[in-house]
Each structure stands twice: as structure tokens, then as C-alpha cells.
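K.L.:
In order, the protein sequence lines correspond to chains R and S. The opening residue of the first sequence carries number 879 in my numbering; numbering runs sequentially from there. The opening residue of the second sequence carries number 879 in my numbering; numbering runs sequentially from there.
Don't read these hints as lab results, they were simulated from the structure. From a predicted model like this one, the values you see are computed outputs, not experimental measurements. Think of the CB as a built atom: it goes at the ideal place given N, C-alpha and C, for glycine as much as any other residue. Mixed in with the good hints, there may be bad ones.
Taking lysine to any residue pairs in the SDA-like style, the calculated list, with each CA pair at most 25 angstroms apart, reads [said to hold, decoys possible]:
#1 S/K914 with R/S923
#2 R/K1071 with S/V1048
#3 R/K914 with S/G924
#4 S/K1071 with R/D1065
#5 S/K880 with R/A925
#6 R/K880 with S/E918
#7 S/K1071 with R/P1062
#8 R/K914 with R/E936
#9 R/K972 with S/S923
#10 S/K972 with R/S923
#11 S/K972 with S/P1012
#12 S/K1071 with R/S1061
#13 S/K972 with R/S1061
#14 S/K1071 with R/S1045
#15 S/K972 with S/K1022
#16 R/K880 with S/P1063
#17 S/K1022 with R/P1062
#18 S/K914 with R/D931
#19 S/K880 with R/P1063
#20 R/K914 with S/A925
#21 R/K1022 with S/P1060
#22 R/K972 with S/S1061
#23 R/K1022 with R/G1041
#24 S/K880 with R/I1083
#25 R/K880 with S/G927
Taking beta-carbon pairs under 7 angstroms as the criterion, some of the chain S residues facing chain R (in silico) [unchecked claim]:
#26 A891
#27 V909
#28 G1041
#29 Q1050
#30 G1055
#31 I1056
#32 E1057
#33 Y1058
#34 Y1064
Chain S regions said to be covered by chain R (calculated; three or more residues, Cβ under 8 angstroms) [unchecked claim]:
#35 910-922
#36 925-934
#37 1020-1034
#38 1066-1072
#39 1075-1081
There are 2 protein chains.
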Amino acid sequence: MKIAVLLYEGFTALDAIGPYEVLRSVPGWEVEFVAKQRGEVRTDSGALGVTADRSLAEATGPEIVLVPGGEGTRPLLGDEEILDWLRQVDTGTKWTTSVCTGSLLLGAAGLLEGRRATGHWAFLEQLREYGAEPVRERYVEDGKVITAAGVSAGIDMALHLVGREVSPEVAQAVQLGIEYDPSPPYDAGSPEKAPAPIVELVAAISRGEQS
Amino acid sequence: MKIAVLLYEGFTALDAIGPYEVLRSVPGWEVEFVAKQRGEVRTDSGALGVTADRSLAEATGPEIVLVPGGEGTRPLLGDEEILDWLRQVDTGTKWTTSVCTGSLLLGAAGLLEGRRATGHWAFLEQLREYGAEPVRERYVEDGKVITAAGVSAGIDMALHLVGREVSPEVAQAVQLGIEYDPSPPYDAGSPEKAPAPIVELVAAISRGEQS
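The following block holds chain R by itself, in its conformation from the complex:
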């Protein structure tokens, strides 16, 4: 299984690296990081650089494509080079996937038309602009498109994908390998659970960063 993870300036690192760590653990699966050009791509914080080993032109025929989110999605929502590549690879993929605001890129490419989809809670309604039906779930599978909620949700989505595509046993082995037995010290990971003032603050910060 050949997997392409799309990188672009201002992506959120964990959106890409969470699923990568799951998918790369499956025997025989190969992950490639791709971007407009080969070379270093910096994340949203600016503090981290990740290497794209392939340009879009070189990254043909992935069976799975994964689009992370991040502040950097905003300037790409009208970027025909990226959107064309997404449309083109989608014609051949077995699974087309996104994490967080990566779903906005899938939407802008026209790939969520009429589909149930999710993304970061603060940007969920924006999916309607692309003809998608926003759903508040950890990840949403609709046909061959799987979209995940914000940032860390990509780990859950990737385990689901491995279970669907290979077997629950392999997904469990991967989960055990990365000791994914989450035990967050707080229970504030969704707007339904976090205290209201914190939800308002984070919504304002998220939307400010994105626009």
C-alpha cells in the first residue's frame, strides 16, 4: 500500500505525524511525504521543518492520500495546483483521507460534495460551503473518503483505516506498538467537555489563526 501525505507551509505537525506513525507500522505499507516541491516544509509554529521527499508531479498513484490541516490550508483553498493534484490522485485512490482542517482542502477540491464529513470543531460549519454535511464525530467514513476531527483525531482515524483495510488484529498490534492507551490528565478535549470560557477562548484563537 502506497500512502502519500501532503505537506504545505503552515501545516500542523501532529495532523500528519499521528496517522503516519500508525500507517508506517503496517507491514508492507509505505508512506511518502509530498509537497509542491521536494525539500523542507515548515509547520504552523515555524519551529519545525519536515522533509517532502517527493514533489506533487512525482507523487502519482498513491492508494491512500492523507491531507493534514493547519493555518496553511487557508491560502490553498483556491490553489489550483494543489486542488488539481488532489482531484487527480483521488481518481485512483482506495482511500482519500484528511485530518482537522485538511477536510477544507478536500472540500475545495470538490471531493466532499454530498458527503458526510468532519474536521476541527471550530471550523466544522465551513464544510457546508463545499456541499458537505458536517458531522461531530471523531472520524467519518463516507464511501472511500474518511475525514477526522481536529489534530489528534488522525491517530484514531488511521487505526480505523488499518482495521478496515487489513484487519482488526493488525490495527490492535499497531495500537499496542505505539502504546496508544490514552490517559489525558484533563477531560477537556472537545467543546462539549471543556469549560465554556476555555471553549470561547480557543475558538477565538483558532479562527484568528486561520483567517
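Once you have looked at the hints, place chain S on chain R.
P.N.:
Chain S alone, transformed into the frame defined by chain R:
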């Protein structure tokens, strides 16, 4: 707060990127990736390159140091350049931390002597070689040293650290920002929970990779 994340050939990406995503979200906190030399460092899978922006010599005086694990720890357990750097920065840190088999590096540097510590479940007993007391917890704080269990546990550890160092409210805001409301599709993230044949398989694979 100045944070140094140590990189080396063969580290496990999520060990470093999980905590990075949490720590970089705290206002005023700055994360730097450091390695023996500046430049690209490849992860254990070989499929991912991450940039070290600073050499060890340039990375002086971090207030938090974070050591990820991975297959690449093995050749470093006797590497005096790395171990000296760890000992040196530890004299000035507020917090010295590790994820997964990163605790073996802290141990080899002599920093776990007489301390309770944890790491990836498959390598926990090895901590005794360094005078540490292995503990099966998600993360363990002993004095200023915090060690986390395998790979994904670094996210939980980093949230704990933010709560301790800044406030529970800021930690909750970060958790909400990365929508860390984990919902793994399987419950196999620890050897206590996974089916026995899967535990045996993953233990054999993990130890094979490490040696």
C-alpha cells in the same frame, strides 16, 4: 520557556511530535529541535526527515529537555557526546523529560539513578540497569524528571507538564485546541488490555527492532 527536543537518526517521530504539538501551543513557549549536527535527521522508518535547527553545541540552557525514543537509542547508550550533553543541560533544566525508550538514554546518562521512571512497556525492565525503579504508569514524575510510557504517551505527559508548570486551564485550552478527546476504535493500547497473542507478537517485534 525554552524547550529542546533531542533528535537522532532512528528516533520515533510521534515520540517527539506529540509533545511538541502540546508544548508549542503554550503562549511564550519556544521549542527547538537539536541534534549532533544541524540538518535533516531521519526517523526509524526511514520515510520521514525532520530538521534539527540547532547543534548540541548551540543548544545551551534549555529549561525543558525532551528525549524521544526509537530504535536509534540503542547505538547512543554508549555515546558520550549525547550523554555528556544530556548531563550538562540537565544541570540547568527545570524539567528533564523523555518518551518511550528515551528513558534509556536518560538512564545511560545517569539521570535516573534512584528514581521511579517509565518507558515503552516492552523495555521497562531495562531501566533497572541504570539504577531506576521501573513503574507501569502513563507518565512518572520524580523530582524534576518526567518519563512517559511508549510513543503516544508523550502527549499525556506534555499536558501534565503544562498543567504543572503553567496552569490546568492552559493545559485544558491546549487539549481542546488539538481536540485531544481520544476515541481509539480498539482497546488494545497496553499489554494488560491487548489479546495475549498480539502482546507476544509485538514484544518480539519491538525487541528485535531495538537490538
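K.L.:
Quick one: which hint numbers does this structure break? Sort them smallest to largest.
P.N.:
Hint check: nothing fails, all pass.
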